[in-house]
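Chemist: Chains as they are written, first to last, in our numbering: chain U, 3 to 531; chain L, 25 to 271.
If you are wondering where the hints come from, they were derived from the structure by calculation, not from laboratory data. The beta-carbon is built from N, C-alpha and C at its ideal position, and this holds for glycine as well. No false leads were mixed into what you were given.
To be clear about the criterion: a stretch of chain L counts as covered by chain U if any three or more of its residues have a C-beta under 8 Å from a C-beta of chain U, and this derived list gives those stretches:
1) 35 to 45
2) 48 to 57
3) 95 to 109
4) 119 to 125
5) 129 to 137
6) 160 to 172
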Amino acid sequence: MASDNPAGGAPITQDRSFAGHGQAGLSPCYSMTAPAASTLVSEPSRPSAVIATQARVPTTEIDASCRVPVLLLFVSGAIWLLVGIFLLLLSSVKLHSPGVLADTAWLTLGRIRPAAMNAVLYGFASQTAIGVLLWMLCRLAGTRLFFQSTILIAGMLWNLGVTTGFVGILAGAGTGFDWLEMPRYASVILFVAYALIGICAVMTFHFRRDPALYVSQWYLLAALFWFPWIYSAANFLLLIQPVRGVMQAVVNAWYTNIFLHLWLGSIGLAVIFYFIPKLIGRPLYNRWLAAFGFWTLAFFANLSGLNQLTGGPVPAWMISISVAAGVLLIVPLISVAINWHLTLAGNYQRAKEDMTLRFVVFGAGCYLIAEALGIVLGTREVSVATHYTYLELGHRYLALFGFVGMVLWGSLHYIVPRLVQMDWYCPKLTKTHFRCSALGVGLIFVALSAGGVLHGLKMNLGTEDMVRLVRATVPFVGLSTLGWLLLLIGQGALLMNLFVVLRRSVEPYRRSAWELVRSDNPAQPEESS
Amino acid sequence: MNSGPLLFLGIFVTLAASFWSLLLVPQVKIGRQEILNTNNMVYPARPGVTKQGEQIYRSLGCTECHTRQVRPRGYGSDFDRGWGNRRTVAQDYLNDYPVMLGNLRIGPDLANIGLRQTNALWHLAHLYEPKRMSPGSMMPPYRFLFKNRKLKVGEKPPPEALPFELKPGHATIPSEDAYALVDYMLGQQAEFPLFEAPLPGAATNVPPADAASTNTVSTNAVSTNAVSTNVPSTNVSTNVAPGNSPK
Numbered sequence: 003m004a005s006d007n008p009a010g011g012a013p014i015t016q017d018r019s020f021a022g023h024g025q026a027g028l029s030p031c032y033s034m035t036a037p038a039a040s041t042l043v044s045e046p047s048r049p050s051a052v053i054a055t056q057a058r059v060p061t062t063e064i065d066a067s068c069r070v071p072v073l074l075l076f077v078s079g080a081i082w083l084l085v086g087i088f089l090l091l092l093s094s095v096k097l098h099s100p101g102v103l104a105d106t107a108w109l110t111l112g113r114i115r116p117a118a119m120n121a122v123l124y125g126f127a128s129q130t131a132i133g134v135l136l137w138m139l140c141r142l143a144g145t146r147l148f149f150q151s152t153i154l155i156a157g158m159l160w161n162l163g164v165t166t167g168f169v170g171i172l173a174g175a176g177t178g179f180d181w182l183e184m185p186r187y188a189s190v191i192l193f194v195a196y197a198l199i200g201i202c203a204v205m206t207f208h209f210r211r212d213p214a215l216y217v218s219q220w221y222l223l224a225a226l227f228w229f230p231w232i233y234s235a236a237n238f239l240l241l242i243q244p245v246r247g248v249m250q251a252v253v254n255a256w257y258t259n260i261f262l263h264l265w266l267g268s269i270g271l272a273v274i275f276y277f278i279p280k281l282i283g284r285p286l287y288n289r290w291l292a293a294f295g296f297w298t299l300a301f302f303a304n305l306s307g308l309n310q311l312t313g314g315p316v317p318a319w320m321i322s323i324s325v326a327a328g329v330l331l332i333v334p335l336i337s338v339a340i341n342w343h344l345t346l347a348g349n350y351q352r353a354k355e356d357m358t359l360r361f362v363v364f365g366a367g368c369y370l371i372a373e374a375l376g377i378v379l380g381t382r383e384v385s386v387a388t389h390y391t392y393l394e395l396g397h398r399y400l401a402l403f404g405f406v407g408m409v410l411w412g413s414l415h416y417i418v419p420r421l422v423q424m425d426w427y428c429p430k431l432t433k434t435h436f437r438c439s440a441l442g443v444g445l446i447f448v449a450l451s452a453g454g455v456l457h458g459l460k461m462n463l464g465t466e467d468m469v470r471l472v473r474a475t476v477p478f479v480g481l482s483t484l485g486w487l488l489l490l491i492g493q494g495a496l497l498m499n500l501f502v503v504l505r506r507s508v509e510p511y512r513r514s515a516w517e518l519v520r521s522d523n524p525a526q527p528e529e530s531s
Numbered sequence: 025m026n027s028g029p030l031l032f033l034g035i036f037v038t039l040a041a042s043f044w045s046l047l048l049v050p051q052v053k054i055g056r057q058e059i060l061n062t063n064n065m066v067y068p069a070r071p072g073v074t075k076q077g078e079q080i081y082r083s084l085g086c087t088e089c090h091t092r093q094v095r096p097r098g099y100g101s102d103f104d105r106g107w108g109n110r111r112t113v114a115q116d117y118l119n120d121y122p123v124m125l126g127n128l129r130i131g132p133d134l135a136n137i138g139l140r141q142t143n144a145l146w147h148l149a150h151l152y153e154p155k156r157m158s159p160g161s162m163m164p165p166y167r168f169l170f171k172n173r174k175l176k177v178g179e180k181p182p183p184e185a186l187p188f189e190l191k192p193g194h195a196t197i198p199s200e201d202a203y204a205l206v207d208y209m210l211g212q213q214a215e216f217p218l219f220e221a222p223l224p225g226a227a228t229n230v231p232p233a234d235a236a237s238t239n240t241v242s243t244n245a246v247s248t249n250a251v252s253t254n255v256p257s258t259n260v261s262t263n264v265a266p267g268n269s270p271k
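Bound conformation, chain U alone:
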């Protein structure tokens, strides 16, 4: 596609760059004094030659427009995360102590694990990702958020849907499809909620005041469009008008892959492409390399879903398409890795001072590892040994918490203070959040990978008795339980930080409301406020 960059002489990489950030812009702190705010969180200056119809809205106004709906999504996302990780911890405990809480149908392993995954995937990851998406779209477009009250209602509806589905799974109404366990009635609520949000987001995008599109916007627009398609298609083909036989497994594999890669993954990549240049104050290394990475990812990742079915009861040609596309994912992987590295080169130490950058760089690293491992695990030769083992589980958790989780927490760390116009309650809690999360994810991944290799060697390549070989993996599962515990502590720190900040930010309003109620002169309430 042709560039709209009319400044013919200007280097392409400068187009819509993040250059021009002062050192002041790097401070994660936010002072209460309003005048400083605009310089502190200012968007990069646009190339002068680009003709804009309207001036960009000041960032403080953009943040104010996002405040209520985005905070709702963030806070409920953090609560769902805590619930999900607690249940994942419990299910990890049940894997090595099967007798724990086994006498209730609601708490049996086969119900709490899908319930936990759905809480994490839809309650936390998707919800927080939508919040980040909305904020980033507004910031990049230079407009206020459109239809805030609609988004607020849709956000509540989304939470209603997740709650319904979560309870449904625990009550035994889970559908039996991976990552789509929520019963039909819950998926419908989720879809309606998403449709409302999606329309508002597309409107915000369409009426952007800055016509130039930055890399992150490509990913965001793609995610906005891909999610409703795959979610409606998968729900329709599995729950409403079910396809017959193994086609169900095919639809399911197609869905889970695109959900992780191109819904959560696209928003995660958008976050990385947004924050790395912004926080180090340098333009992205190369825009065209990013475009190449975007289109190759969009094409190959979409096609790579069925390699989860290797050896399964489907015709081999379907798997072959996905295995080939899966191997070709090395192309976008290398292109984004080069782009990030050359943007960051010489600035890695910044991640020590800047917590947001630390989260994002850690997430980017996890993305590269998870993607590379995914390519290896997707091939037929390796899959023979590693399929159905803990290794695949560890890989999924790395992608989900190490990459998606980390970059979302990083952006949360950046965005929330700007929304509430107040610093985080306690920087130490933020540090605890990062350390516990990083260590927890690392421990879970390493433990499950090591256990998974053993699992694969003994189960797929050997013929050791099933009972004995599962017992042999127990120490590794135990280690991963420790990882879940750390992750839980980290999320507790996040939630505490979030709640105190929110409480303090509403304190003035609360107090004035209280005074209003108690005022001796109720006839003239406007005076007392």
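Position chain L relative to chain U; hints supplied.
Modeler: Below, chain L without anything else, positioned relative to chain U:
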């Protein structure tokens, strides 16, 4: 890359390519398979209680730890473990809803559990307390599928109770769900000989429904594993009443 509509077009095309090649074309190819009914073989369509058992299997999330698919020869040691005499193919799942292939094996594959363990009482006792039936098992107990009734001294257990004692001094009565689940497991038999997945040694494999597919596995099969000998080395029906003589 600054044009919204062009970007949108590309985004549409990439997912449409995936939707077309991974969902629509497969649906045309294998989505309308019909059940073969030849050679007087019983096709594993088991309605009624078995269908209810499938819903119990789904609802309890058994698929979180158990797969229901046998991979072809050369893919892991599925055959050496006696998990099946042939690979499972699309034909095997035509009656399933939902199709729960599973993607983690913390327990054995269940595609042929109905052939390996044919004793319903074994399955009931195993669900009540897996460790008792297969020592060292890490499977969680499903005692909530049973009701325990305390017996008075000298009282005979009611006829609907299990014929052996699982909890001292109690009569254990399986619920309908437990029976349905066991029925479902007994029905797990991917043994119908198919052209695309012949049974080793079977003379009567069903003729091809679709001449395009070819498979030559049967020619090199050793034809020693007859169905009946294919019982795993773990406990079999002989010790179904551990420590207690059936009454």
